[in-house]
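K.L.:
Please put together the full structure from these sequences, using the hints given.
Chains as they are written, first to last, in this note's numbering: chain A, 92 to 359; chain B, 9 to 316.
Note that these hints are calculated values from the structure, not bench results. Just so you know, not all the hints are guaranteed correct.
[Said to hold, decoys possible] Computed cross-link-like contacts, SDA-like style, restricted to lysine to any residue with a CA-CA straight-line distance of at most 25 Å:
| no. | chain 1 | residue 1 | chain 2 | residue 2 |
| --- | --- | --- | --- | --- |
| 1 | B | 130 | B | 210 |
| 2 | B | 130 | A | 352 |
| 3 | B | 130 | A | 96 |
| 4 | B | 278 | B | 100 |
| 5 | A | 283 | A | 257 |
| 6 | B | 278 | B | 89 |
| 7 | B | 132 | A | 106 |
| 8 | B | 161 | A | 130 |
| 9 | B | 177 | B | 111 |
| 10 | A | 283 | A | 163 |
| 11 | B | 132 | A | 110 |
| 12 | B | 130 | B | 211 |
| 13 | B | 177 | B | 103 |
| 14 | B | 161 | A | 121 |
| 15 | B | 177 | B | 203 |
| 16 | B | 132 | A | 97 |
| 17 | B | 161 | A | 113 |
| 18 | A | 283 | A | 265 |
| 19 | B | 161 | A | 324 |
| 20 | B | 130 | A | 99 |
| 21 | A | 283 | B | 133 |
| 22 | B | 132 | A | 101 |
| 23 | B | 130 | A | 163 |
| 24 | B | 132 | A | 163 |
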Amino acid sequence: MGLLAVNRIYAAITALVLAFVVLPLGAVIWVSFFANRILSFPATGYTLDWYARAWQLDSFRNGFITSVETALVAVALSLALGVPASLALVRYRFPGRDAIQTLLLSPMVVPGIVGGAALFMAFIELEILLDVDISGTLPGLFVAHGLIALPWTVRLVTASLVGMSPSYEEAAQSLGAGRLTTFFRVTLPIIKPGIVAAALFSFVISFIDLEKSIFLVGPGRTTLQIALVSYLEWNLDSTVAAVATVQILIIGVLLLVSDRYARLSRAF
Amino acid sequence: MTSSASSGATAPVATTSPPAPSGREGRRLAPAYGLTAPATIFVLVALMGPLALMFRYSLNRFVPGQMMVEALTLDNYARFFADSFYQEVLGTTLWISALSTLLCLVAGFPVAYFLVRQASDKWKGRLLLLIVLPLLMGNAVRTAAWMVILGDKGLFNAVIGAVGLSPVKLMYTPTAVVIGLVSVLLPFMIVTLQSVIEGIDANLESAAQSLGASHLTVLWRVVLPLALPGILAGTMLCFILSMNAYATPVLIGGPSFHMMAPTVYQQVAKAMNWPFGAALAFVLMAVTLVLTTTANVLVQRRYRRWSE
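P.N.:
Okay, structure coming up:
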């Protein structure tokens, strides 16, 4: 077999695999414009009505709002906790450092369903103990989503800190800057790309979470992913395709922006 | 729980050690604990505590009507291994995961190899982005997309109908679940393999080739042994993710198709049988951990023999 033929085979397999991964998303976008009342092929015409209908459905509109709120809080929480922790993990060598690093990355490796079930039980116990609602409330979701976002923030921010020479910070400190001044005037501007990428990525990771949230949503307090899944259990129509298309668009933009700051494929 | 298996695949960046501290250690270490404390406490309280609580609950007894009675029993675990229904659920989860992982490896390896050895840097970046993007669209959206294609009146049946073939029942079959899972897992496999193949010196391949080895021989005798750690990491990552899959089995597999993660959800949130649901969750994690650790040990032994 000639070298050229071998190369062609690899290129062909790559094209097929890409099609397999990307085309389904194309199909769902296409279908969202179908005029057919019941989803079928081929299209009898094209319309934008499904987008209006999707926004009129309470479950999708409220789910979208809840998801955005939750994701914003998750970003804030994961940055507030994750940036200082990353700084310590990279700049100091201290007893227990490896253990803390493993712990902070662990929410990523504990299966979502398992972590969600455990948090659900803990919330209910706490409710009985304190006599307040937690499960099915926004604060409960915030905690779960902060947990989902934290390991990604730690990973992206430590990566950008590793790439930054500590000599800048040492120079600032030897010139008399305090720790806080050094952080805000020297460290932060240099690692800003890592932080922006971490924020965008955390937002996406929280927004698309399904497995943890499914235990923690309550009546009237549902994230968009849960709304999508419960809708899909009974119907498949162009309304859901319209919601999916909007989601693909939003996440696509966020990820393309975040890829400018830190290579996405390296986050995995 | 599964950290030992996937950390190799997923955390290459964060493991770099900082330079050793110079002098004044006592004073310099205090801020390190201050800075990590909030995040550490958060993960302990929101993840480790609840996991410990759930493990304790798995030893409790379930009494219908009053939810849970304090006990110290292994009944819930015994019930899992005595009930053929749950064994079948575990069996289905295992073979579906094994098959999906294998397909990911077979389809992912050529793609990773192509990206590293044949694509230009510019195209490699673009293609990787194209491979990773769908991954982050969310399980709900990706599953909806597959439902559009695989449904009885879906795109696939419309296309084969147009060329005169009779429609195929795909939705609610294990085949459809495997298709859905492979599309979720492939990007993980490709990204993992790509980073490992990147580290293999291309000169080794040219050397083998110039000595007369065919391309397949080069792959089998040079690339594959060197890429083994990455193959192992990617395989484990895919296997773990697929063992824990939720959306795909529920929506594409349908109501009578059972895998472990949806069963955990059903028991904990719907049947409100916490002790048994908790036991199911720990069985799932334990089985996954034992299998991935065994695979790790076996492959590593093999690897040592190869590299001798």
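K.L.:
Out of the numbered hints, which ones does the structure contradict?
P.N.:
Of the numbered hints given earlier, those the structure breaks are 15, 23, 24, listed in rising order.
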